[in-house]
Every structure is written in structure tokens, then in C-alpha cells.
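2 protein chains.
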Amino acid sequence: METISCQSGIIYEFSKSNKPVKTVASGTTIEMETYDCFQNQIQSADTVVAEIDWNRINPATGPIFVEGAKPGDVLKVKIEKLEIQDQGVMVVGPNLGVMGHRIEQMEAKIIPIRDGKALFNEIEIPLNPMIGVIGVAPSGEGVNCGTPGAHGGNMDNKMVTEGATLYFPIFVEGALFGLGDFHAAMGDGEVSVSGIEIPGKATVTLEVLKDVKLRHPMLETEEVVTQIVSAETLDEACKIATEEMIDLIVNKTGRPLSEVTMLMSAAGQVEVCQIVDPLMTARMVVPKWLLKQLGVELI
Amino acid sequence: METISCQSGIIYEFSKSNKPVKTVASGTTIEMETYDCFQNQIQSADTVVAEIDWNRINPATGPIFVEGAKPGDVLKVKIEKLEIQDQGVMVVGPNLGVMGHRIEQMEAKIIPIRDGKALFNEIEIPLNPMIGVIGVAPSGEGVNCGTPGAHGGNMDNKMVTEGATLYFPIFVEGALFGLGDFHAAMGDGEVSVSGIEIPGKATVTLEVLKDVKLRHPMLETEEVVTQIVSAETLDEACKIATEEMIDLIVNKTGRPLSEVTMLMSAAGQVEVCQIVDPLMTARMVVPKWLLKQLGVELI
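Protein sequence lines, in the order shown, are assigned to chains A and B. Residue numbers for the first sequence follow this note's numbering, beginning at 1 and rising by one. Residue numbers for the second sequence follow this note's numbering, beginning at 1 and rising by one.
Keep in mind the hints are simulated off the structure, nothing from the lab. Hints may be right or wrong, so weigh each one.
Which copy is meant is left open, so a pair is good if it fits within one copy or across any two.
Claimed, not checked - DSSO-like, lysine-lysine: derived pairs with alpha carbons at most 27 Å apart: (1) LYS210 - LYS288; (2) LYS117 - LYS70; (3) LYS292 - LYS16; (4) LYS117 - LYS252.
Since the structure is predicted, the reported quantities are computational estimates derived from the model, not experimental observations.
Please put together the full structure from these sequences, using the hints given.
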């Protein structure tokens with residue numbers, strides 16, 4: 001299996017203009033190494049935050065050109081394995097995150113990872129390793145890797161983890177896939193603007209699907225299928241994710257809109273991914289036990 | 001144990017003007033029976049929705065005057081038991097819920113409860129019985145029972161279930177507690193505007209706490225403590241819930257705001273209660289394993 005290192009190439013925006021670091025056939029499994037979201041600039045508590053180069057933030061490794069990927073297709077990304085290193089970092093700062101109006105100075109905190117726990121001073125936090133930034137190139141202008149959108153990007157969705165499968169609408173030839181911004185742990189919301197940021201390595205299988213149409217990313221696990229939507233407000237993101245999911249189920253099942261709406265109200269879950277990036281991200285989660293009874297698969 | 005029946009008295013708004021149906025000592029356990037949110041007007045699929053009296057919606061049983069409860073105190077409500085009847089109903093309608101812009105007519109659907117499942121046509125939905133409307137009288141004008149707020153009310157929070165303990169700020173003498181609007185099942189968001197609406201009976205213990213100050217309701221389970229906030233937008237509700245929780249932990253622990261903010265980002269969960277009532281409701285969920293390591297209890 002081939003490994004794409006951080007040195008192979010990184011991007012700071014998802015863009016059709018990016019030169020691929022690698023071309024692979026549909027169905028290829030590769031390893032991709034990643035920096036943390038600060039491009040590994042904060043290595044100790046002595047790092048002077050003021051000296052960080054803020055132009056080197058949220059690097060994603062890639063992009064990977066997937067052969068056969070055309071605009072209108074879907075890129076299926078199975079996260080086969082997700083490995084993180086043994087030291088993470090968190091930050092807070094003025095105007096960052098939910099508390100940014102009351103945080104007076106930028107602060108960084110080194111967080112060692114030991115025996116499956118993140119050590120925050122004496123506090124042991126269970127790990128939930130996840131990928132913050134993952135996606136494809138959008139159709140129009142490039143989008144910086146700190147911003148989420150229909151192309152994926154900085155969705156900061158804690159369900160993007162080992163074993164999950166993502167589906168992205170493809171906007172440009174080759175899809176131009178990239179990923180980065182791993183977190184050792186993060187709660188829904190990512191309220192400080194940072195998870196436990198950490199370098200790592202993901203093993204992914206990239207496959208082009210020709211007969212699926214999507215407007216926003218989807219994510220599938222053994223238990224659920226989810227629609228992921230980013231928008232100016234969380235209210236809007238939640239409503240669009242719900243409506244997209246309902247329309248998908250109506251289209252697949254032929255059941256009336258009224259019934260599917262009721263079913264989503266009784267058994268679908270509107271959940272928060274993050275509320276701190278330039279756009280807000282929500283997911284609408286539908287259990288597979290329901291889809292099974294409806295006799296459909298959504299993807 | 002005394003039972004407060006629906007016939008004892010119901011309210012359509014939480015208000016300091018409501019006459020108590022019962023006065024109890026702090027620490028009393030009582031049973032409270034409830035109508036469904038349509039005051040049991042929809043009993044069969046033949047019910048003509050146009051003939052429903054929309055002035056009789058969201059009745060709450062009560063109010064209960066709790067002796068010793070003064071403005072500034074907190075009412076602790078332990079939900080000892082929650083029982084639902086064997087038939088529920090769901091509705092959709094124009095301008096109701098996330099899909100209201102595309103639903104052309106009011107529709108109601110009867111949903112039998114059999115063997116621990118809700119039967120939606122041939123589809124079996126697992127039950128998660130919960131209380132939609134629960135709260136105390138607000139300080140100023142009355143608030144109709146369809147609207148949530150700092151006094152509780154229509155929070156539609158699926159965590160309000162058997163075994164949970166709620167804490168409400170008390171605004172008026174006696175607290176004037178009431179509850180109603182049970183759901184046999186509901187997902188986070190309540191996207192159609194209705195859960196599986198059902199009559200039932202709750203056994204609750206009401207206790208006045210004198211040395212706790214709250215601005216919004218809180219909820220506690222064996223695993224977590226949550227802050228519940230309703231606001232004009234979900235964005236605002238999420239942010240206020242997060243900030244209230246962070247301030248509470250800072251005050252209890254004496255730890256710096258920056259550290260508590262980071263901890264909430266790594267291990268706190270911003271979750272959606274509902275996005276369809278006149279105000280939106282969010283909860284900030286903090287795991288007790290974290291509070292234990294911080295050496296504090298929040299209530």
C-alpha cells in the first residue's frame with residue numbers, strides 16, 4: 001500500500017487549481033499522513049503563540065486525483081484505519097469559538113496521549129480519534145481548508161472516524177481529494193474552536209460511484225446513515241440536512257412526504273457537528289433499522 | 001401516593017395567575033396524569049382535523065404549589081416513573097415544522113403502541129417515552145404551554161424521561177409546577193412539530209432547593225449533567241447553553257476560563273432538543289466522569 005506523506009504535498013484550500021500529488025485508480029487503498037491543524041508548529045508549552053505562522057493553518061494532505069471521477073459523480077471514502085500520534089494540542093483565543101468574546105489572549109496547551117487517554121493536566125479524557133478536514137475540490141473558487149461546505153472541508157464531525165464511510169459530490173475531474181486536521185478527542189460543537197489537535201495517518205479507500213447523485217456529503221456507519229450540511233447558521237444547516245434526508249427517502253421509497261416527515265420526527269436525529277467554523281455544520285442521522293423496514297438503502 | 005388527574009385541572013399557559021390544583025410539601029412524590037398535546041381530541045383516523053379545537057392544545061396538568069418555594073430558589077423534579085397509554089398520534093401541517101412550507105394539508109396518523117413498539121403502518125419504532133412540556137410559572141406574563149423558555153415549558157428534550165432529574169429556577173411563590181405533552185418516541189429536533197403524542201402518567205418528586213441558583217433549566221442523569229437553553233435561534237441557544245455551563249464549572253472549580261473552555265471542547269456535547277417550537281432549544285451535555293475528575297458536582 002502506498003503512503004502519501006505530508007512532504008508529498010499539502011493544500012491550504014480545496015481548489016480545482018491544485019496540482020495532484022498522486023493519481024490513483026478508483027478502488028485504491030492508500031495511507032495518508034497528516035500534520036496537525038497548526039502544521040505541527042506548537043511542539044511545547046514554550047511555543048510563543050504570537051510567533052506561529054497563521055498562513056500555515058489547517059493543511060490537508062493531497063490532493064489525490066481519482067481516475068474516472070467526473071463532475072456529478074460521487075466519491076466514496078471508506079476510512080479503513082485512523083492512527084494518531086502521541087502528543088496533541090488545544091488552543092483558545094480572542095474571537096475564536098463560543099467563548100472568544102471573553103478570552104483575552106491566545107493560549108495553547110500541550111496534551112500528551114498515554115494508554116488510550118488524553119492527559120489534560122491530571123484529567124484523563126477518553127479518546128475519540130476523528131478527521132476534522134476531509135473533502136474534494138469545489139466547482140468554483142477554492143475554499144480554504146478551515147471552512148466547510150458541500151465539498152466537505154472543515155466539517156469537524158466527530159462521526160468521521162475509523163470504520164465510517166463518507167460520500168462526497170464530485171465537482172471537478174479527478175475529485176481532488178484531501179484530508180487533515182485530526183483530533184484525538186472532540187465533543188459535538190467543538191466549542192473552543194479546537195479539538196485535541198494531533199498529527200496522524202489515515203488509511204482510506206477511494207472509489208468513484210457513477211449512479212449516485214448528492215448535493216451535500218453523506219456519512220454511513222454500521223448503524224446509521226447521515227446527511228451533513230454546512231450553512232451560515234446552525235438553524236439553516238439543520239433544516240437543509242433534514243429536508244435533504246426526507247427528500248432522499250421520499251425518492252427512494254415513493255412514500256408520501258407527510259409520512260416520511262413523521263418518521264423522521266419520531267426516529268431521525270438532528271445533531272450538531274460544529275458551531276465555530278466560518279459556517280456551521282449539522283447532521284441528520286437516520287437509523288438503519290428504519291431504512292431496513294422501509295426496504296431501502298440510501299446509497 | 002396522591003394522583004392529580006387531568007380533571008383536577010389543566011393549564012394552557014405557565015403563569016403566576018394560575019390557581020393551584022394542589023399544594024404539596026417539598027419532598028412530596030405525586031402521580032400526575034396527562035392528556036396528549038391535542039387534549040385527546042384525535043382518537044381515530046376518521047377525526048376531521050379541521051374540527052379540532054386549536055384552543056385546546058398543549059394542556060399541562062397542574063399547577064402544583066410547592067410549599068416553601070420562593071423566587072430565586074430551585075425546584076428539583078425527579079421523574080420516578082413515566083407511563084404511556086397504548087395509542088399515540090402524529091401530525092403534519094402547513095407551516096408546521098421543518099417541512100411545513102411543503103406540506104399542503106393537515107394530516108393526523110394514529111399510532112398504536114404494542115409490545116414496546118410504536119406501530120407506524122407496518123413499521124415498528126422503538127419507544128423512548130419522554131415529557132415534552134414541563135416547567136414552572138415565569139416571573140412576568142404567562143407563557144403558553146407550546147413555547148419553551150427559562151421556566152421550562154415546551155422544551156421537547158428527549159432526555160426528559162424516567163430516571164432523569166430536572167432543576168428549574170423558581171420565579172414565583174410556590175413554583176406552580178406543571179407537565180404534559182408526553183411522547184412515546186421522538187428524535188432530537190422533533191422535525192415534523194410532533195413526536196408520537198400520547199396521554200400518560202408521570203410519578204414525580206418535587207423538592208425545593210434553597211442554596212442553588214439557576215438561570216435556565218438543568219437536567220441530570222446517572223451519566224451526565226446538562227444545561228438546557230431556549231432562544232430565538234438554535235445558534236443562540238447552543239452558545240448560551242455552552243457559556244452557562246462553562247461559567248458554572250469555572251465558578252465551582254476555580255479553574256481558568258481558558259482551561260474549562262478547552263475541556264468543554266474536548267468532552268462536552270452541544271445537542272439539539274427541538275427546532276420547531278416558537279423558540280429553539282439546545283442542551284450542553286457534560287459527562288460525570290469529567291466532573292468527578294474535576295472534583296465537583298454542579299448541583
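Consistency of the hints with the structure:
1. LYS210 - LYS288: Within one copy, since 23 Å is at most 27 Å while 47 Å is not.
2. LYS117 - LYS70: neither (42 Å within a copy, 45 Å between copies)
3. LYS292 - LYS16: neither (38 Å within a copy, 49 Å between copies)
4. LYS117 - LYS252: between (42 Å within a copy, 25 Å between copies)
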